[in-house]
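Asks: Spelled out from the first residue to the last, the chains are:
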Amino acid sequence: MIGFALSPGGADASFGGNLLRDGAIGTALVVLIGGAGAVLFGASAAWLVSLCRFPGRGIFEWLLVVPLAAPSYVLAYAYTGMTWAGGSAIEVRGLWGAAFVYAIGLYPYVYLAARAAFASQSACALEAARTLGATPVHVFWRVALPLARPGIAAGAALTMMEIAADYGAAYHFGLTTLSTAVFRAWYAHGALDAALQIAAVLLAAAIVFLLAERWARGRAAFAGGSTRWRALPRYQLAPLPGFLAALFCGALVVFGAILPLTWLGRLALLHGDLGDIAQPFANSIILSSTGALITLALAVAIAVSARRASGAGKASVLAAAMGYAAPGAVIAIGALALFGAARSAGWIGGLSAGLALTALFWTYAARFAAAGVQPIDAGLARLSKGLDASARTLGAGPWRRMFSVDLPIAAPSLGAAALILFVEILKELPATLLLRPFDFDTLAVRAYSYASDERLLQAAAPSLLIFIAGLAPILILTHGIGRARAGQR
Amino acid sequence: MSTVTLRNVRRAYDGAWALDDVSLTAPEGKVLALLGPSGSGKSTILRLIAGLEAPDAGEIVIGAETVSGPGRLLPTEQRRIGMVFQDYSLFPHLSAGANVAFGLDRLTRADRDAQALTWLDRVGLKHRAGAFPHELSGGEQQRVALARALAPKPRAVLLDEPFSGLDPVQRAELRDATLATLMETGTTTLFVTHDAEDALQVADRLAILKGGRLLQEAAPRIAYDQPASLDVAAALGPINVFDGVCENGVVATPFGNVASALANGARARAAVRAEAIALRPGNMARVLDVRPHGAHDLVRIAARGVVWRALTPARMGLGETVDVEFQPAGAFVFSA
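Protein chains in written order, with the numbering used here: chain A, 1 to 489; chain W, 1 to 336.
Just chain A, with the same shape it has in the complex:
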């Protein structure tokens, strides 16, 4: 991929250069504005839920994660549809519309990281500050917030990575970002060289965000370190601030999930055509389940070999993490170039649909393996290092250890990983759009093509299905939140 990008440019290098510059500016703007909004929403909500007591706190604690269920493009379709049809005073469009959709849809990344950071703080550190004469307000600014800052930064970096990678919503709002520029270079101009160059810049940006996230998370682990641990006492808010806190959290959930979900549901019921989405639905199920199984196998291999601390295992974890950071458009254009080259070299012959599907599964595996590795690794982390050594002293070879020790113990997380992968692939738009066989529509592709034709009524039904599917892994995720906190189940 990088090799292609660095190869000498085509004749219209200036066209590629302009597109690259405009895309870079567009990405920078939307990442900054959308990211700032997400940090504001996510960090405030995390602080309220972790350190304060107010009506509905317990429910908001997990409801606040729900907006993560919808991919940005689905929120984008819902909001533009809503504001057109309603003839409302506010119109969600352009840069600010996109920034709003990203902020309201992606703030849970910041919320989760910041919540974990607040939750891992020991009451002892805060109480020590109190005994040293600090008021509660001082304690927040001088102890709690600085301790949570690396967590918030990690969440922010993740959010920005997602915004930079997004194609669907950016395209829908007519933005020129690096992601949309890759597509424009390839689709509108057929310029693979230019597309690859833009993709390389986008990949570099994504890697910067990934490294920032890793670095911040490493510091967060350090900040959380306290040997004596006791639950945080929550600060009881007075009735009016308490009401405002509930209102704020409620607004995030309503705008991030309930309102768009209701709107899409209403449209789907009124205008949905079952016959129209039956085929894409079937295609999505087939593609997502096959893709999930292939990716799961890869993820298992990576997670297990990484646990065995082999050099190759460590390298493959890093490669998977980079794949996850790489926007779908980048990997897809890379796959296109790679498989195109292999095909013209005569290495791969046969049906082009078969070739396209191979390229597509390859893209899914490269892109999402890390999403599968993480829960599997968490499952394997529950085993002590001694278990593998035990099995070895009892004469079990590597395969027996994998099948009778590692995998049975990680079995619940294998199920979770499979579901997460299934939904990630179901939601995936840019790579599927670029690499799918001719006339092979998935739900995401169908929603996208209706939306591009401004037929938002018809786009509602496939969007709704994607949204609902997205809720499943969220439930798993929220189930795991409480466990992240020591001494609480």
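FYI, nobody ran anything at the bench for these hints, they're computed from the structure.
Computed from a prediction, not measured in an experiment: that's the story for all the values here.
Chain A is nowhere near these chain W residues, computed Cβ spacing over 10 Å in every case: (1) 13; (2) 73; (3) 111; (4) 112; (5) 139; (6) 179; (7) 294; (8) 295; (9) 298; (10) 330.
Straight-line alpha carbon distances no greater than 20 Å define the calculated EDC-like cross-link-like pairs of lysine to aspartate or glutamate that follow: (11) A:385 / W:53; (12) A:385 / W:161; (13) A:385 / W:87; (14) A:385 / W:77.
Note that the Cβ used here is the ideal one computed from N, Cα and C, for glycine as well.
Place chain W on chain A using the hints.
Replies: Showing chain W alone in chain A's frame:
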């Protein structure tokens, strides 16, 4: 059962020697205790024998087979070495019976289950065969781990701090039961501990380590009565030390003379075990402090500005003056 031999074994972590030129032998069918503080290299020895790590130099021989050596590293799973880990490492997804059966996979299913039950019976846990590890107490988990390690009839069994993490009563019971099982099966055993009492009571042979070096390998009684160095003496119980000079075959301490074979005028360190000191009313030393220590009292005594500790059955009063006497078997002199 086989002899396990280490010859000139070295192992470094991050440039520092965890094991520096260690040679020792675990005799066939006997219990060898590896005693030393944290970081002395004793657990590293077990991991090297099990093949979980490779030595940087030297060789390890089990029976007649060189399992680790220059250009040779037999994989752990082919070594036929049983190991009981400090955290027991029972498979959480398998019952006690299935844990014990894990290493018996070459047998038919019926034989496997029967043997697993026999082994559980030997450690007194037949009735718990269906229980999962989280349903077992710490002591029960340890016994399952022992049965699991012994079931495949290993050439030797390695125990890593097997009694740590248990309360004192359980600990003593389990120590006796484990020893009984090992003797009954005649298993070559290497067992790591930092507890001198465990080592002295369980072992046929004792290897004392410090900082990656083997200080002494001997029978427990020999190591206790004739320590090769001050460190060995200190490893097996509390000692008092006095730096002085050897004159006329003795080192004179403020509390009395210790016989020495060193040359006249040689600088010497006298070491006297706290439990080898007897006190009776007299005027050599003053009692500073008395604390009950089981049947004995731990008494701090002072003479000429030097303070020693004595572990003695005699009940002394604070401020009393006493005469001091050493049992010769607990008093040593080393050259300084």
